[in-house]
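Work out the full structure: start from the sequences and follow the hints.
Everything in the sequence shown is counted per the working numbering, starting at 1 for the first residue and increasing by one.
Be a bit skeptical, because a hint or two may be false.
Said to hold, decoys possible - Here are the simulated lysine-lysine pairs, DSSO-like style, with alpha carbons at most 27 Å apart: (1) K80 / K50; (2) K64 / K27; (3) K50 / K15; (4) K27 / K9; (5) K9 / K93; (6) K64 / K93; (7) K80 / K93; (8) K80 / K64; (9) K50 / K93; (10) K64 / K50; (11) K50 / K27; (12) K9 / K50; (13) K15 / K64; (14) K27 / K15.
To be verified - Label pairs and their calculated CB-CB ranges: (15) G11 / A101: 22 to 30 Å; (16) P58 / E124: 25 to 33 Å; (17) D70 / K9: 14 to 22 Å; (18) C119 / Y69: 47 to 55 Å; (19) S47 / L87: 17 to 25 Å; (20) E21 / H75: 37 to 45 Å; (21) A123 / E72: 26 to 34 Å; (22) G56 / G99: 13 to 21 Å; (23) D115 / E44: 56 to 64 Å; (24) N2 / S127: 48 to 56 Å; (25) E114 / A14: 28 to 36 Å; (26) C119 / A94: 50 to 58 Å.
Since the hints were derived computationally from the structure, they do not count as laboratory data.
For each residue, glycine too, the CB sits at the ideal point set by N, CA and C.
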Amino acid sequence: MNIGDASAKTGLPAKTIRYYEDIGLVKADRQPNGYRDYSSEHIERLSFLKRARDFGFPIEDCRKLLGLYDDEHRHIAEVKALAAHHLEELQLKAREIQGLAETLQGLVEACSGEDDDDCPIIAELTSKITGANS
1 MNIGDASAKT GLPAKTIRYY EDIGLVKADR QPNGYRDYSS EHIERLSFLK
51 RARDFGFPIE DCRKLLGLYD DEHRHIAEVK ALAAHHLEEL QLKAREIQGL
101 AETLQGLVEA CSGEDDDDCP IIAELTSKIT GANS
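Structure (structure tokens):
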């Protein structure tokens, strides 16, 4: 199937599929006219990559996961360790985002929205800049 069909089947943009090929994650077959030709195995790999990226795995971790996926003698402990490490990173990021959301909520509540008042949101956004330069 062509790249448009592969895109439709996997939900990945054609540009992303080309990128994955450029960095060696997927290697499409070529038709005699030079066009990419994707088999069901390619679609499976692309779908695997999409799902891994949906979970936020970085490209290099996706490369490792694909290697483990391809290895019939894979060590499941390696898969688990990779996923556990990524889970820790996601949980840390979630805590950071929650803290930012709470801070921003307080700033929004503190802002009167009136043009004649100082804006605590602008003040907070500029505080790191002015604090770093002084």
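Hints and how they fare:
no., hint, in the structure
1, K80 / K50, "holds, 19 Å"
2, K64 / K27, "holds, 16 Å"
3, K50 / K15, "holds, 13 Å"
4, K27 / K9, "holds, 17 Å"
5, K9 / K93, "violated, 31 Å"
6, K64 / K93, "holds, 22 Å"
7, K80 / K93, "holds, 20 Å"
8, K80 / K64, "holds, 12 Å"
9, K50 / K93, "holds, 21 Å"
10, K64 / K50, "holds, 14 Å"
11, K50 / K27, "holds, 16 Å"
12, K9 / K50, "holds, 11 Å"
13, K15 / K64, "holds, 22 Å"
14, K27 / K15, "holds, 14 Å"
15, G11 / A101: 22 to 30 Å, "holds, 28 Å"
16, P58 / E124: 25 to 33 Å, "holds, 30 Å"
17, D70 / K9: 14 to 22 Å, "holds, 20 Å"
18, C119 / Y69: 47 to 55 Å, "holds, 51 Å"
19, S47 / L87: 17 to 25 Å, "holds, 22 Å"
20, E21 / H75: 37 to 45 Å, "violated, 28 Å"
21, A123 / E72: 26 to 34 Å, "violated, 59 Å"
22, G56 / G99: 13 to 21 Å, "holds, 19 Å"
23, D115 / E44: 56 to 64 Å, "holds, 58 Å"
24, N2 / S127: 48 to 56 Å, "holds, 53 Å"
25, E114 / A14: 28 to 36 Å, "violated, 49 Å"
26, C119 / A94: 50 to 58 Å, "violated, 28 Å"
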